[in-house]
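S.K.: Guided by the hints, dock chain B onto chain A, whose structure is given.
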Amino acid sequence: AQTVTQSQPEMSVQEAETVTLSCTYDTSESNYYLFWYKQPPSRQMILVIRQEAYKQQNATENRFSVNFQKAAKSFSLKISDSQLGDTAMYFCAFMGNNQGGKLIFGQGTELSVKP
Amino acid sequence: DSGVTQTPKHLITATGQRVTLRCSPRSGDLSVYWYQQSLDQGLQFLIQYYNGEERAKGNILERFSAQQFPDLHSELNLSSLELGDSALYFCASSVAGGDQPQHFGDGTRLSIL
Chain A
2 AQTVTQSQPE MSVQEAETVT LSCTYDTSES NYYLFWYKQP PSRQMILVIR
52 QEAYKQQNAT ENRFSVNFQK AAKSFSLKIS DSQLGDTAMY FCAFMGNNQG
102 GKLIFGQGTE LSVKP
Chain B
584 DSGVTQTPKH LITATGQRVT LRCSPRSGDL SVYWYQQSLD QGLQFLIQYY
634 NGEERAKGNI LERFSAQQFP DLHSELNLSS LELGDSALYF CASSVAGGDQ
684 PQHFGDGTRL SIL
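Sequence lines, in order, name chains A and B.
At position 92 of the first sequence the residue is numbered 93 (my numbering), and the sequence of numbers has no breaks.
At position 101 of the second sequence the residue is numbered 684 (my numbering), and the sequence of numbers has no breaks.
If you're looking for bench data, these hints aren't it; they were derived computationally from the structure.
A portion of the hints provided could be inaccurate.
Output of the computed footprint for chain A on chain B, the stretches with three or more beta carbons under 8 Å from beta carbons of chain A [as the list claims (entries may be wrong)]: (1) 589-596; (2) 622-630; (3) 657-663; (4) 668-681; (5) 684-691.
For glycine and all other residues, C-beta sits at the position ideal for the given N, C-alpha and C.
Isolated chain B, as found in the complex:
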C-alpha cells in the first residue's frame, strides 16, 4: 500500500460528459502529480501541484483541469470527454517536488463509451 488513495477505481461514462477524479496523497506529502496511461501514448505526465499551487504542466489538454485543496487532496476534472480519453489515470505524491521519489496510487480506470 503506497498510502496514496484514488477514487473511484473505475468510471464508465459517455462521450461529452464530465468527470472528476480524486486523489488523497500520503500523509505528509505536499506534492501531487497526475499521469495518464493509455495504450497509444504510454505513461504521460499531466500536471503537478505543490502545496496548493501549480508547479509544472505537461501534455494536459485544455479540456482537463486540476487543483489541489488546502487539505492537500487533489482533483482532476475531465470535460467534453472523447473516446480517446479512455485511460488509466494515476495520481502520485512526494514529500516535496524535485528529486523526491513519487509514490503512486492504484489509479482510476476511465472508460468512455
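Extracted from the complex, chain A is given alone in its bound form:
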C-alpha cells in the first residue's frame, strides 16, 4: 500500500525568506502523480503544484517549486519570498496511475510565516 509521510508537523519562516517542506512516499508503482495542497485557516483545500513522476523536470508555479527525487521517493516543496498569506497547513498527496484518482495524503505540515 502507498503511504505518504510528512516528518515536519510545524515550521515557521520569516516573511520574504525561503522555506522547504519535506515529503516522502512509498510505492511500488513506476508511474504516478504527486501534489501539494494548501489549507489556510479558512479550511479550503487549494492545489499548489502538481508533478508527474515520468517527468524529470521539477514543477514550478510562481514562488512555489518542488524538488522531486524519484529514486529517493522524495517530493519537497520550496516556497520562495514567503508571504503572510502563505500561512497554512500544507499537505503532500500521492495518486497512483491505476487508482482512479484516489489521493493519499500525508499528515500535513503547519507553516507559519512571521512578519
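M.R.: Here is chain B on its own, set in the frame of chain A:
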C-alpha cells in the same frame, strides 16, 4: 472560488441520526470524490464517482453511502451517526478520473453531539 459547491456548510446532529451532504461539481467535471478530514485520521479518501458510476472506494464505512445523479451532483449519506463521525467532509471534482487535478469544495463541518 473552486467552483465546487457543498451544502450545508455546518451540520450539528445527535448520535444515531442520519444526514445527507450535497456536492455540486465544477461545470464540466464528470468525477466527484469524497474525503473525510478528522483530527485522528487526517485526510482520508472515501469514494469516487465518475459520470454516475462508482469508480473507486476507500475506507468508507458501511454506514456511509454515496451516489452521483444524472445532473452530476453527488450526495453522501451518513447513517447511525457516532461521535467519531464528527469531521470535515470534502467533496472534490475533476474533469475525468485518473491524473486530473482535483478541485475541492469548502467542506461540510459535521458535529455529532
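S.K.: So, for every hint listed, does it hold in this structure?
M.R.: Structure-based check of all given hints:
1. 589-596: Three-residue rule not met by the stretch 589-596 of chain B, so violated; n is 0.
2. 622-630: holds (count 4)
3. 657-663: Coverage by chain A is violated for the stretch 657-663 of chain B (0 residues, Cβ < 8 Å).
4. 668-681: holds (count 6)
5. 684-691: Contact hint for the stretch 684-691 of chain B vs chain A: holds, 6 residues under 8 Å.
The structure fails to meet hints 1 and 3 from the earlier list, while all remaining hints are met.
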